[in-house]
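A.B. asks: Here are the chains, one letter per residue:
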Amino acid sequence: MPTQTDNGGSPGQMTGHAAIETEGVTKRFGSRAAIDGVDLYVPRGSAFGFLGPNGAGKTTMIRMLLGLTHASAGSMRVLGHPVPSERGQALRRVGAIVEEPRFHPNLSGRENLRIVAAVRGPEVQARIAPALARVGLSERADEKVKKYSLGMRQRLGVARCLLADPLLLILDEPTNGLDPGGIQEFREMIRAMVEQENRTVFLSSHLLDEVEKICDHAAIVDRGKVIAQGPIAELASGGAGGARNELIVGVDDVELALGTLEGSELVREARRSDEGLRVLLSGDIESAAQVNASLVRAGVAVRRLEPVRHSLEQRFLEVTSRLDAPVAQEEVRA
Amino acid sequence: MSAVSPATPAPASRGADGSPLTLAGQMFGADFLKLRKKRGTLIWALVLALGPVLIFFVVGAIQHASNPQRYEPAGGVSNFHDGLRVIALLFGPLAALLIGVEAGTGDASAGVFRDLVVTGRSRVALFASRVPAALAMCFAIIGAAYAVLLLGTFVFAGGLPTPEGSLILDGLGFILLSTGMLCAVSVGFAALTTSKPGAIIALIAWLIVASPVLANIESLGSARKGLLSQAVAHFSPIHLPEGGHNASIPMSGGLAFIVLVAWLVVFLGLGAWRTRTMDA
Chain A
1072 MPTQTDNGGS PGQMTGHAAI ETEGVTKRFG SRAAIDGVDL YVPRGSAFGF
1122 LGPNGAGKTT MIRMLLGLTH ASAGSMRVLG HPVPSERGQA LRRVGAIVEE
1172 PRFHPNLSGR ENLRIVAAVR GPEVQARIAP ALARVGLSER ADEKVKKYSL
1222 GMRQRLGVAR CLLADPLLLI LDEPTNGLDP GGIQEFREMI RAMVEQENRT
1272 VFLSSHLLDE VEKICDHAAI VDRGKVIAQG PIAELASGGA GGARNELIVG
1322 VDDVELALGT LEGSELVREA RRSDEGLRVL LSGDIESAAQ VNASLVRAGV
1372 AVRRLEPVRH SLEQRFLEVT SRLDAPVAQE EVRA
Chain B
5 MSAVSPATPA PASRGADGSP LTLAGQMFGA DFLKLRKKRG TLIWALVLAL
55 GPVLIFFVVG AIQHASNPQR YEPAGGVSNF HDGLRVIALL FGPLAALLIG
105 VEAGTGDASA GVFRDLVVTG RSRVALFASR VPAALAMCFA IIGAAYAVLL
155 LGTFVFAGGL PTPEGSLILD GLGFILLSTG MLCAVSVGFA ALTTSKPGAI
205 IALIAWLIVA SPVLANIESL GSARKGLLSQ AVAHFSPIHL PEGGHNASIP
255 MSGGLAFIVL VAWLVVFLGL GAWRTRTMDA
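Residue numbers (my numbering), protein chains in the order written: chain A, 1072 to 1405; chain B, 5 to 284.
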């Protein structure tokens, strides 16, 4: 899985190797900053979640990346090309759905794709049939779009993206309105695009679960600021430099166990919990075995010892609640 | 499910065969397809262009059949002149206006303009391809109306003289100029306003009310030569009385040509500017 290190870049060092790089991007509407000094680094070949609550600035950021609106400040590169100065070059291999996919309702699905293919270039006409097949719309491609369900329009939107033979797909809240089956199908399609076809997917969502299931990298955005970004696993655990290696420990004698662990250099903190004990390790998770050994040597019977699995949701709630206090942007680097 | 085959992208401004013309042709075809499938607009444009001509001949033929002493045959060169005025100066422009506005606002009102912009194609190119598509659709409809006019002129001529070949060609050129100008101006104006109903109302008000009123205000003097209707009227192959909606204020051919070009440059320029700069 590519990481920021693999690609040799990180926010603040625009290298052109990433699918998307931004530095200090700001968008102001009057005195209000919808996007405020955002640095992003989206590794190529990753599924990148742009995660934030409604109104956080996700769509505004996407619109700037696609040249639909101008940034007030900062610089952006898409597939190595500066935007907006080389927008045409940058977007040639980009497919995007911004907000709800829209079509000419009086035209068929196939005709709508013909229109976009004509704009992209004559060679693109040959991709229409495979794109329709890819999203499972071949059978109904000649029906007017006004007869399509929302799920079918979403799939047609993805087919429209595929006309670009995209190296980068930018999808804004793509599962809105899909039923559970459609969401599952969509997830599988995105993962296949990333894992089998080495495309990059940049996906905005306010749904934590969705990002956690689809993406391998993410940025958390709130009130126009990116407050954390990096691989999902590290984001969830608190980052590579500050990973919270925590254990749930079930014992027969909680008091004896607390006394044993108190002062141990292996343990940063130990406290009671519903499960028995919550133990925050000083070192990495490998030291859990030594903690177990020290408890057993002290005569404590250990019936459970399990690493706490941190979810992105926990991390999201932590970092977004911190925004109420003045904090510097936090970046999690691989 | 089959995979989408990878392809080497063509240069941004050229077609696969290296010809910008191929790309332009495809973009024209796409815009023409959008107009062709816009049934409501097409039906209204056909009604406006063909309806009055059909009514003109049907009523004239019935009157002539009921009382040949009092009413002349519905065809012939005199009625051809009247029919030409109807198509070129009133109902034809209304049909052209509807088509032009549809072409100018269709993508934005369907919400697909942003999806065309994210292809990376120049916004000016997106705007530019609408103009020939709108003109092609406009000329097809106006051409049909002119064909009906010619048919009626000859079929119902009775013993009356019929138009000569040169007048037929001049008449065709005149209605194409008259409606084509308004169609192109409408594309630019509609793209500028981005509102279909607003553009239709404003252009109809201009065409039916403001322009004739201004043409009749004599105190405006030669400033009236700047009106689109006056510059178009200069090229009429039939006599248009001075003053009134179908007026012809005398001006040189060169000036009339400059006025037409100025109207095109201003409105197509404004439309292109708005398309290039607006948030998609």
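FYI, nobody ran anything at the bench for these hints, they're computed from the structure. What you are looking at is a predicted structure, and each value in this text was computed from that prediction instead of being measured. Incorrect hints may appear among the rest.
Cross-link-like lysine to aspartate or glutamate pairs, in silico, EDC-like; alpha carbons within 20 Å at most [claimed, not checked]: (1) B:K41 / A:E1182; (2) B:K41 / A:D1213; (3) A:K1296 / A:D1110.
A.B. asks: Please go over all the hints and tell whether each is borne out by the structure.
C.D. replies: Against the structure, the hints:
| no. | hint | verdict |
| --- | --- | --- |
| 1 | B:K41 / A:E1182 | 10 Å, holds |
| 2 | B:K41 / A:D1213 | 13 Å, holds |
| 3 | A:K1296 / A:D1110 | 9 Å, holds |
Hint check: no violations occur; every hint is consistent with the structure.
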